[in-house]
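**Q** Listed below, chain by chain, are the residues.
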Amino acid sequence: MNGVVAGITYRAVLGRRRILLLILLPLGLVGLAVLLRLVGSADERSAVTLMQSFAIGTMLPLLGLIAGTGVIAPEIDDGTVLHLLSKPISRPVIAQTKFAVAASLLALFAALPTFVAAWLLVGGESGIATGFTVGALCGGIAYAALFLLLGVVTRHAVTIGIIYALVWEGLIGNFVPGARQFSVQQWARSIADQLSSSPFLATDVKLSFAVPALIVVTVGGVLWAGQRLRAYSLTGDE
Amino acid sequence: MKIELSQVSRWYGNVVAVNDVSMTIGPGVTGLLGPNGAGKSTLLHMMAGFLAASGGTVTLDGTPTWKNHQIYRHIGLVPEREGVYGFLTGWQFVLSAAKLHGLPSPEDAATKALAMVEMEPARDRRVETYSKGMKQRVKVAAALVHDPQVLLLDEPFNGMDPRQRMHLMDLIKAMGTAGKTILFSSHILEEVERVAQHIEVVVAGRHAASGDFREIRRLMTDRPHLFRIRSSDDRKLAAALIVDRSAGGVTLTSNGLEVQATEFRRFAWLLPRVARHEGVHLHQVSPADEDLESVFAYLITRSS
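In order, the protein sequences belong to chains A and B. With positions in the first sequence counted from 1, the corresponding number in our numbering is that position plus 29. Residue 92 in our numbering sits at position 104 of the second sequence; the count goes up by one each step and never skips.
Chain B with its partners taken away, still in its complex shape (with noise of 0.2 angstroms):
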């Protein structure tokens, strides 16, 4: 199955949360990647049927997601928020969600999807006394106890060890392999590239790039970096680095010198060399600019 959008906004008033989004979301993992604030959520309640476009259509092969109940037949939700009843043990919990879907068998499909999860342990706990990384769990069994063909999850390694993380990965990974279409939100690049196939960029409410996690990963590598330098002898360093085609620009400043490379590896390898063969010692290298936010804001930059 697959969720199309096509030309989707969304506004708040006079605040655009998503911009004219186009995407199709097919069999296998997408990574909705983002910053916090950019969309992600607004973008995934949509397709979930939990908010109405303002702009464009949202439907799920074919068939609108807004204000339409049947697509919880193929959809299973995780969302953000933790929203589990906390008086219900985990297994009661995944059972009336077995219930709800109208289950032939929902104990079995209950304890299907506990196991899925590794819950079973601690299934006769009170919800409320579970761990966050507990809850999120149970919270997957009851999205997967229907066996949906679409499973949405919203930041869903949040709150998690990193142990039920590999498991949750894996298991989102098989289901993907299993040909289900499964899209999860994440601000964590390594988070994506580790379970998603496709990947899907959004930024400040746009969709900034789309692709497999190679080329985001070499679209996010190769942009300039700018790395701040503190040696032994500053000017003597900058002058051999200006020399190579990798370098293009050195700024000296009272607190070191400013590199603007141009080419990540080359610059990377040859930062050292040049140090060592001009007798200068190297005392702080630090990428300037290699929080998220400037990376996205490239990204953002190089698409329109």
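Same shape as in the complex, but just chain A (with noise of 0.2 angstroms):
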């Protein structure tokens, strides 16, 4: 880990417009909350797929795209990363470092919404807030590492960023069940079940295939991107 490598990346992500797009999900979320506690739809069922469909299966994933690519490419895009890249500093630890950002960013953006609108709508209940907050984090810092390696090989991240959480995961994942175990939402859902009590979760990939691809793909993202990096070139206009 990098402070000042940590602290321009943060200003580089909070700073510009995406901060915006990083609120504005998690404020649906507890928004929808508010409205379902409101009309009185507060129940187990309700919140378990308010968890499922909008916190884990949409606002997880394009929050994991938004934080993942945002720690790097724009940066790589327009060049200011070669201020970093010209340092006396491990590239791998470069990459650790804006792993760390934007896993952090996923916890306050991501996993701790998710606490507050399952709270809001069932409380403590069936252990549903603990189970999908994990889950949310979990399946957040794996979203973070996968898509800072998509951020740092190719130029072309957020389109094969939304294509993998929208089409895979979202689609084919809805339709065929082997799909499923190779997606990072699923494996958050996984997590969620096993922490919860509640008969309306249920999840189609065991566990004992959940966490070691989570740690799999965390882990084997960071050190790839680092590698990744290493090798980064500038081919110029020439």
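Think of the hints as simulated: they come from the structure by calculation, not from any bench. If you're wondering where the values come from, they're calculated on a predicted model, not measured in any experiment. Mixed in with the good hints, there may be bad ones.
As the list claims (entries may be wrong) - Partial selection, computed: residues in chain A whose CB lies under 10 angstroms from chain B: (1) Met30; (2) Gly32; (3) Val34; (4) Gly36; (5) Ala41; (6) Ser70; (7) Ala71; (8) Glu73; (9) Thr109; (10) Trp148; (11) Leu149; (12) Asp233; (13) Val234; (14) Ser237; (15) Ala242; (16) Leu263.
What the hints assert, rightly or not - What the simulated footprint calls covered on chain B by chain A, stretch by stretch (three residues with Cβ under 8 angstroms from a Cβ of chain A suffice, anywhere in the stretch; the number is not a length): (17) 30 to 44; (18) 73 to 81.
Claimed, not checked - Short derived list, chain B residues pointing at chain A, Cβ under 8 angstroms: (19) Tyr0; (20) Val4; (21) His57; (22) Gln58; (23) Tyr60; (24) Ala85; (25) Leu88; (26) His89; (27) Glu108; (28) Pro109; (29) Arg111; (30) Arg113; (31) Arg114; (32) Thr117; (33) Lys120.
Virtual Cβ for every residue (Gly too), placed ideally from N, Cα, C.
Join the two chains into one complex using the hints; note that each chain is given alone, in its own frame.
**A** Set out below in structure tokens:
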């Protein structure tokens, strides 16, 4: 970890308009929870549905994409990353720092609002709030690493990330059970399911697969991103 | 410290950007001169550890520059692209560089570096409000903050006004005199001539010439020059010119004369005298191939 790299990265991500994107979805989630309470539908079933389809199914991958690519891709695009890379700091340390920033942003903007929304709906009932919060946190960490890697590897990180999150996880994952095995949000749901006793919550991916998969994606993503940064090349206009 | 390139090539797919270049950059100021697209940036990026050579080796005092972040303790890099965080102030930007280098007293180093490029008055403004020249200077300050032994600058004078240009030239000269190894790229001969003691010329990815600026200047002026001349009596002038040995060939065209001058200085001295002697009025004298491209083309045919 490098404090200066982290400081610049926080300012780059939060200072631009990206912060609006980071705030909008969590606000929507908490707003929906408040609305459900007001109309008197704040029961366990609607809580689980909201958590599964919105918190984990929509908000987490999108925020993961914004934070994960946002900590590095714009800097690579406009060349400012050179300021960090032309210093005697090991590139893997720069990658780890960027990952830590993205993961912390996801803890703040995804996991915390997930807890607030679930708590507003059902309080501590059946461990739903805790389960989904831990699930969102673990999923967020894996997304941060995955999308950071994508941001380092390709200039089309956002497009590829959206295709992965919406088409693979969202669309194909709904119809093809096998695809769910390779879906970060399914792994996050498995963790939520493990910690919650709610009968409305069911998952397809076993915890014995989900936990190692989360670890492999996270550690592998960060290490690979560091290696790719070591070989960062300026190809110039020539 | 010295940078050594030994039989370095770099290609992108089928395109060869740099072809079998060997050179040693030692203490003092070296200008890397060549037309746009000649491979100057590619060479500079390989020296700075931001590009792998496809063949050959690039070393800094014997250690490879590729995948070696320790070289940045000794190297300061001023890239051509703007690449400055717009949301930071000039002071924050240079200070962050000092901190990233792990300097014992980053504030002092940043203050000194900003003073060197005369950017103290604007140091608390955000970089995005700077002009191109100011951004360039703040980049130079960030590259100098750790007092590196080697400084690499890619087209550093682009976008600077004449006064800033002079100032940076003086700064580079002073650092070269102090024994630092400085390399900067440029496509403008006059720029290179004013700052560099030593010049390396690259054309179309190949190392075309190497030497001090007098030598390069001589190579460039002593080549055959082509002049287009329009006068009151072209035929009479042609006959008078061809008598002298400085005129290699004279062609009469519908637009006037084309004279191949083999000795530039003598021909420049001769032409007005001959015209006056013959009573011919000169309407127009223009060098036909004075652009840098043809100068470089001449150098590359001479070297091969």
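**Q** Using the nearest Cβ pair, does Leu263/A come within less than 10 angstroms of chain B?
**A** Holds, about 4 angstroms.
**Q** Taking a Cβ-Cβ distance under 8 angstroms as contact, does the segment 73 to 81 of chain B have three or more residues in contact with chain A?
**A** Our answer is that it holds, as 4 residues pass the Cβ test (under 8 angstroms) against chain A, meeting three.
**Q** For the hint on Arg113/B, does the least C-beta distance to chain A fall short of 8 angstroms?
**A** 16 angstroms, violated
**Q** Interface hint check: Tyr60/B, Cβ to nearest Cβ on chain A, cutoff 8 angstroms. Holds or violated?
**A** 5 angstroms, holds
**Q** With 8 angstroms as the cut and Cβ atoms as the points, is Tyr0/B at the interface with chain A?
**A** Where the cut-off is 8 angstroms and the nearest Cβ of chain A is about 7 angstroms from Tyr0/B, the hint holds.
**Q** Can the hint on Gly32/A be confirmed by a CB-to-CB distance to chain B that is less than 10 angstroms?
**A** Holds, because the Cβ-Cβ distance from Gly32/A to chain B comes to roughly 8 angstroms (cut-off 10 angstroms).
**Q** Hold the hint about Arg111/B up to the distance rule: shortest CB distance to chain A must be less than 8 angstroms.
**A** This interface hint is violated because 17 angstroms lies over the 8 angstroms limit.
**Q** Taking 8 angstroms as the limit, does the beta-carbon of Glu108/B come near enough to a beta-carbon in chain A?
**A** Not OK, violated: Glu108/B not within 8 angstroms of chain A, min 21 angstroms.
**Q** At a threshold of 10 angstroms, is the proposed contact between Ser70/A and chain B supported by beta-carbon distances?
**A** This interface hint is violated because 44 angstroms lies over the 10 angstroms limit.
**Q** Just to be careful: measuring from the Cβ of Ala85/B to every Cβ in chain A, is the smallest value less than 8 angstroms?
**A** 7 angstroms, holds
**Q** Hey, does the Glu73/A contact hint survive, CB to chain B under 10 angstroms?
**A** Because about 45 angstroms separates Glu73/A from the closest Cβ in chain B, which is outside the 10 angstroms limit, the hint is violated.
**Q** Holds or violated: the hint that His57/B contacts chain A, with Cβ atoms closer than 8 angstroms.
**A** Since the shortest Cβ distance to chain A is 6 angstroms, the answer is holds.
Checked against the numbered hints given earlier, the structure breaks hints 1, 6, 7, 8, 10, 11, 12, 13, 14, 15, 20, 27, 28, 29, 30, 31, 32 and 33 and satisfies all the rest.
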